[in-house]
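Chemist: Just need the whole structure built from these sequences, with the hints factored in.
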Amino acid sequence: DAGITQSPRHKVTETGTPVTLRCHQTENHRYMYWYRQDPGHGLRLIHYSYGVKDTDKGEVSDGYSVSRSKTEDFLLTLESATSSQTSVYFCAITPDSNTGELFFGEGSRLTVL
Amino acid sequence: QQQVKQSPQSLIVQKGGISIINCAYENTAFDYFPWYQQFPGKGPALLIAIRPDVSEKKEGRFTISFNKSAKQFSLHIMDSQPGDSATYFCAASLNSGYALNFGKGTSLLVTP
Chain A
9 DAGITQSPRH
19 KVTETGTPVT
29 LRCHQTENHR
39 YMYWYRQDPG
49 HGLRLIHYSY
59 GVKDTDKGEV
69 SDGYSVSRSK
79 TEDFLLTLES
89 ATSSQTSVYF
99 CAITPDSNTG
109 ELFFGEGSRL
119 TVL
Chain B
376 QQQVKQSPQS
386 LIVQKGGISI
396 INCAYENTAF
406 DYFPWYQQFP
416 GKGPALLIAI
426 RPDVSEKKEG
436 RFTISFNKSA
446 KQFSLHIMDS
456 QPGDSATYFC
466 AASLNSGYAL
476 NFGKGTSLLV
486 TP
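Chains as they are written, first to last, in the numbering used here: chain A, 9 to 121; chain B, 376 to 487.
A couple of the hints might just be wrong.
What the hints assert, rightly or not - Using 25 Å as the maximum straight-line C-alpha spacing, the simulated SDA-like pairs for lysine to any residue come out as follows:
hint	chain 1	residue 1	chain 2	residue 2
1	B	380	A	67
2	B	417	A	46
3	A	65	B	474
4	A	19	B	417
5	B	417	A	48
6	B	417	A	15
7	B	417	A	94
8	B	443	B	421
9	B	417	A	24
10	B	417	A	28
11	A	78	A	33
12	B	380	A	48
13	B	417	A	114
14	B	380	A	28
15	B	446	B	390
16	B	380	A	46
17	B	417	A	53
18	B	380	A	13
19	B	432	B	474
20	B	380	A	52
21	B	432	A	111
22	B	417	A	13
23	A	65	B	405
24	A	65	B	380
25	B	446	A	17
26	B	417	A	27
27	B	380	A	111
28	B	446	A	52
29	A	65	B	407
30	A	19	B	432
31	B	380	A	94
It should be emphasised that the hints constitute simulated quantities derived from the structure, not laboratory data.
Modeler: Encoded structure:
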């Protein structure tokens with residue numbers, strides 16, 4: 009298994025509170041991604057990173073910010089959580105060898121009440 | 376705007392049968408087409424992938440058929456088994472897997 013750890017794995021929070029999800033990798037890969045998965049929508053890209061301090065937006069980035077201060081950590085922050093952000097969030101990494109394969113973490117289930 | 380359209384949304388197949396999932400894309404610049412398999416409570420995992428220079432790729436019981444002119448590709452699971460029951464996602468990207476665009480997924484149930 010790819011060395012990806014997501015935390016927390018489950019979180020329940022209230023509308024308006026800030027939330028940070030952490031993705032930690034032990035593979036030293038350059039590229040990291042955050043996706044959200046929702047029934048009927050599949051997997052949608054939120055943000056991605058192509059190096060330390062280098063990030064870019066995906067198709068559903070509104071309401072989310074990211075940071076990558078170290079190669080191994082990619083943080084996803086919801087500044088003020090809304091019920092529409094209730095979802096399962098997946099972190100993924102890509103090997104630098106450009107094989108084209110994404111390795112996914114096991115997901116973080118977030119419920120915003 | 377969804378760049379990859381996947382069908383059907385759900386599929387029930389008897390053990391030993393053939394499961395077929397279809398995907399269509401719009402962007403002719405896409406050059407990498409993977410399929411991911413996801414079991415409940417787990418992250419998706421790469422199952423098989425194809426590039427547009429070939430029309431078919433087979434790995435064991437899993438085959439991708441690719442039709443460049445129609446901008447369609449499909450996954451065929453031969454001799455489907457109950458252990459194949461999972462959600463399957465097709466995807467496409469411009470640059471060998473970076474920033475994949477996923478379909479909405481197909482929930483496959485293989486009955487004994």
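Chemist: None of the hints should be skipped; say for each whether it holds.
Modeler: Structure-based check of each hint:
1. B:380 <-> A:67: At roughly 16 Å apart (the allowed maximum being 25 Å), residue 67 of chain A and residue 380 of chain B satisfy the hint.
2. B:417 <-> A:46: 14 Å, holds
3. A:65 <-> B:474: Satisfied, since the Cα-Cα distance of roughly 10 Å is no more than 25 Å.
4. A:19 <-> B:417: 17 Å, holds
5. B:417 <-> A:48: The given pair, whose Cα atoms are some 18 Å apart, holds under the 25 Å limit.
6. B:417 <-> A:15: 14 Å, holds
7. B:417 <-> A:94: 18 Å, holds
8. B:443 <-> B:421: 22 Å, holds
9. B:417 <-> A:24: Between residue 417 of chain B and residue 24 of chain A the Cα gap is close to 28 Å, so the pair fails against 25 Å, i.e. violated.
10. B:417 <-> A:28: 21 Å, holds
11. A:78 <-> A:33: 10 Å, holds
12. B:380 <-> A:48: It holds: about 12 Å lies between the C-alpha atoms, which stays within 25 Å.
13. B:417 <-> A:114: Answer holds: residue 417 of chain B to residue 114 of chain A is near 5 Å, not above 25 Å.
14. B:380 <-> A:28: Given pair residue 380 of chain B, residue 28 of chain A is violated - Cα atoms ~31 Å apart, limit 25 Å.
15. B:446 <-> B:390: 30 Å, violated
16. B:380 <-> A:46: 16 Å, holds
17. B:417 <-> A:53: 18 Å, holds
18. B:380 <-> A:13: 30 Å, violated
19. B:432 <-> B:474: With Cα atoms ~22 Å apart, residue 432 of chain B and residue 474 of chain B stay inside 25 Å; holds.
20. B:380 <-> A:52: 13 Å, holds
21. B:432 <-> A:111: 21 Å, holds
22. B:417 <-> A:13: Holds, at roughly 12 Å.
23. A:65 <-> B:405: 19 Å, holds
24. A:65 <-> B:380: 22 Å, holds
25. B:446 <-> A:17: 38 Å, violated
26. B:417 <-> A:27: 22 Å, holds
27. B:380 <-> A:111: Since the Cα atoms of residue 380 of chain B and residue 111 of chain A sit roughly 22 Å apart, the hinted pair holds (cutoff 25 Å).
28. B:446 <-> A:52: 21 Å, holds
29. A:65 <-> B:407: Between residue 65 of chain A and residue 407 of chain B the Cα gap is close to 21 Å, so the pair holds against 25 Å.
30. A:19 <-> B:432: 41 Å, violated
31. B:380 <-> A:94: Holds, because 24 Å separates the two Cα atoms, which is no more than 25 Å.
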